[in-house]
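Just so you know, the protein sequences line up as chains A and B, in that order. The first sequence begins at -15 in my numbering and counts up one residue at a time. The second sequence begins at 12 in my numbering and counts up one residue at a time.
If you are wondering where the hints come from, they were derived from the structure by calculation, not from laboratory data. Here the structure is a predicted model, which is why all the values come from computation and not from measurement. C-beta: ideal position from N, C-alpha, C; glycine also. One thing to keep in mind: the hints can contain errors.
[What the hints assert, rightly or not] Keeping only pairs whose Cα atoms sit at most 27 Å apart, straight-line, the calculated DSS-like set for lysine-lysine is:
{"id": "1", "chain 1": "A", "residue 1": "LYS193", "chain 2": "A", "residue 2": "LYS7"}
{"id": "2", "chain 1": "B", "residue 1": "LYS25", "chain 2": "A", "residue 2": "LYS113"}
{"id": "3", "chain 1": "A", "residue 1": "LYS111", "chain 2": "B", "residue 2": "LYS245"}
[Unchecked claim] Some but not every residue of chain B turned toward chain A, in silico, with C-beta under 10 Å:
{"id": "4", "residue": "LYS22"}
{"id": "5", "residue": "PRO135"}
{"id": "6", "residue": "LEU284"}
{"id": "7", "residue": "VAL394"}
{"id": "8", "residue": "ILE395"}
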Amino acid sequence: MLEVTALRKSYGDIVAVDGVSLKAGRGETIGLLGPNGAGKTTTVSMIAGLLRPDSGTVLIDGRALAGDTDPAKRAIGLVPQDIGLYPEISARENLHLFGALYGMDRAQRRRAIDAALDLVGLAERGKDKVSGFSGGMMRRLNLAAALLHDPQLLLLDEPTVGVDPQSRNAIFDNLETLKQRGKTLLYTTHYMEEAERLCDRMVIIDHGKVIADDTLQGLHRLLPVANVLTVELEGAKADGLRPEDLRALPGVQSVEVDGGTLSIGIRDLAADSPGILLWLVEHGHPFSHVASERASLETVFLTLTGRSLRD
Amino acid sequence: MLAPFLALTAKDLKLFFRNRRALLMTIAAPIAIGSFFGYIFGGGGASTEPSRIPVLAVDQDGSTVSREITAALTADKNLAMRTATLEQAREAVRKGKATVAFVIPKGFGADAGRAFFNGAAAKPEIGVLYDPSHGAEMGMVEGILTGHVMEAVSKEMFNGPTGRAMVKDTLAQLDTSTMPADQKTSLRELLHGLDGWNAVRDADTASGRPAPSAGLTVPYQVKTEAVTSGAGVKYNGYAHSFGGMGIQFILFMGIEVGIGLLTQRHTGVWKRLGAAPLSRGVLLGSRATSAALTSMFVLMVLFAFAGVVFGVRIAGSVAGFLGVCAAFSLMTAAWGLLIAALGKTPEATRGLAIVTTLFMVMLGGAWVPTFVFPAWLQKLTVVIPTRWAMDGLDATTWRGLGFSAAALPIVLLTGCALVFGALAVLRFRWEVDG
């Protein structure tokens, strides 16, 4: 459905996108992940035909877009990061306008608008002015506006930025419905948990370059640890504790000591953690609190770049 | 492509008419300012009593001549004359309460009489104190004063007691004069003639017959006629002022079109429009069309208001008037697109666009008619599109001229619209920012 090859875009000396390649098959959901300024939006803009790449190709169903009026643009539905709606008119009037831009007649638009508003849960608010909507409702309408002409490929540029958890869940439900209907989704975000929930495959991008392209399982395999065990020692002291002794224990991959708190990276939580805790007690390091955390895509990014996604 | 074009145009019109507050301001502001300027520049012509220039006279002479002068100035319909002391006059002019003060010095009547017949005699001075911020009125008042002084002095010299005494004295001194004999003879005949003329006047006055003129008078009368759209049709200052303010505020609307497009380039709406299968012509053309339609609407409302409230009439070609309005509306729309094409950011562009627009408005004669400009500036303003819009509106409203008078403004304004539009399409940055 979508094939991007060696896409490059620069602004003066700044290279925003540097040889990005990715593929998305029909019905597949691809997460385009990276911190702010990584080049995600520029990549999406080039795929949507809003920006001309310096080099590289974008193929939609095997062919490149040819000009502003190429009918192949009908295959694309763009959900821009900024709300792409006119606040002074009603939700339905907005959708009528955007449907008309794709040449839909009034009857087609009416049907599509009913379906889109129904999908995003705004059927009751269609006649209301958009300026009276909450941020979450605007985001949902922003999504609905991209669905009217029934595109096969949806480009979703951070569609949940700045919304409350309830609206975020609603948007996720909408996207899962679209996924079930066989739509191809390209979903950009810097929220790893969103990508983990929705995407079949993740393309991680940093400084305009693809640094990983794999399934969630594949990316986890890149991690040196699967879990991190956090142990708070009694009295907040680690007197006499030598990290190398801990590292010698079975399953321990890494040890960090910060005052009386130990961060121990391990492969298998169930198999490795009892032996570690027992060793600490037997060697005179009783603890007051233990917590474990599964390594996430956040950790993957940290491992690959040495930086946090939210930096 | 027609359906998206119409949908985008309709959307812009909907946004314009839905914003009631902005719509009200778009119409109310030019009406308020146009009404003010219209009143200042002559109003509707119904009550056209000219405003009188406040003038003071300080009569230090107290002679027949000086009293005649002050009486004539008091009677002049262009002046609001009062007498004052020198100190009062100076203070009043300094405070701006009087535009000019005349100081008629002691001995003026006698000295002026001597200088009247003898060019070699010393000429007395009338002191003139004036407010430097009223230079144009000063010139007018000086002209009025000259006329009245000539009348008063000549009357006194030909017929008054001072003049008669001077004639008798001169006749008595003529025999001992060193003047050449032929000149003496001629002057004696002239003075005897004058003496005889005065005797006839006195006899006429005593017998009740109408006496002939006592001195020099202005040898003509002025019959004024304001040349407007027809006989008896008075000039309506509101026609010009509503045209001017309409043009100014519509150009401001053009700025808003440009700034709106610049702002929209950074929004999701622009991305959504760019992602749709639309030509650039549809995107910019629809915006230009809606802007031109709203401009036309505002102009129509303004002139309708001026017609109903102030009696402004389209006394000339209605087709020409509509043509000028349409051409100017198109030019404004293209002007807005050009602003969007040349501007970098909304913030940086707004100030420059406003200054440029104000210059166009000012030099185009929208505030004050271009005839008050210096000659070189009047020639220069022919390159300003607003000048043609104003000329076209003036021609078809109060001047009452035919379509031919509007044709050139229509052609030039349409030409500007095409040039601005072409430049806008060429220079517009279509790509989104990142």
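Structure-based check of each hint:
Under the criterion of a C-alpha separation no larger than 27 Å, the hint pairing LYS193 (chain A) with LYS7 (chain A) is consistent with the structure, at around 15 Å. Of the pairs offered as hints, the one joining LYS25 (chain B) and LYS113 (chain A) holds, with about 13 Å between alpha carbons and a cut-off of 27 Å not exceeded. Of the supplied pair hints, the one linking LYS111 (chain A) and LYS245 (chain B) is violated, its CA atoms being roughly 53 Å apart against a limit of 27 Å. For LYS22 (chain B), the suggested interface contact is upheld, since its CB lies about 5 Å from the closest CB of chain A, less than 10 Å.
Because the smallest distance between the Cβ of PRO135 (chain B) and any Cβ of chain A comes to about 76 Å, over 10 Å, the interface hint for this residue is violated. Hint status for LEU284 (chain B) relative to chain A: holds, with the closest Cβ pair at about 7 Å, below 10 Å. A least Cβ separation of about 35 Å between VAL394 (chain B) and chain A goes past the 10 Å threshold, and the interface hint is therefore violated. Hint status for ILE395 (chain B): violated, given a least beta-carbon distance of 35 Å to chain A, over 10 Å.
The structure fails to meet hints 3, 5, 7 and 8 from the earlier list, while all remaining hints are met.
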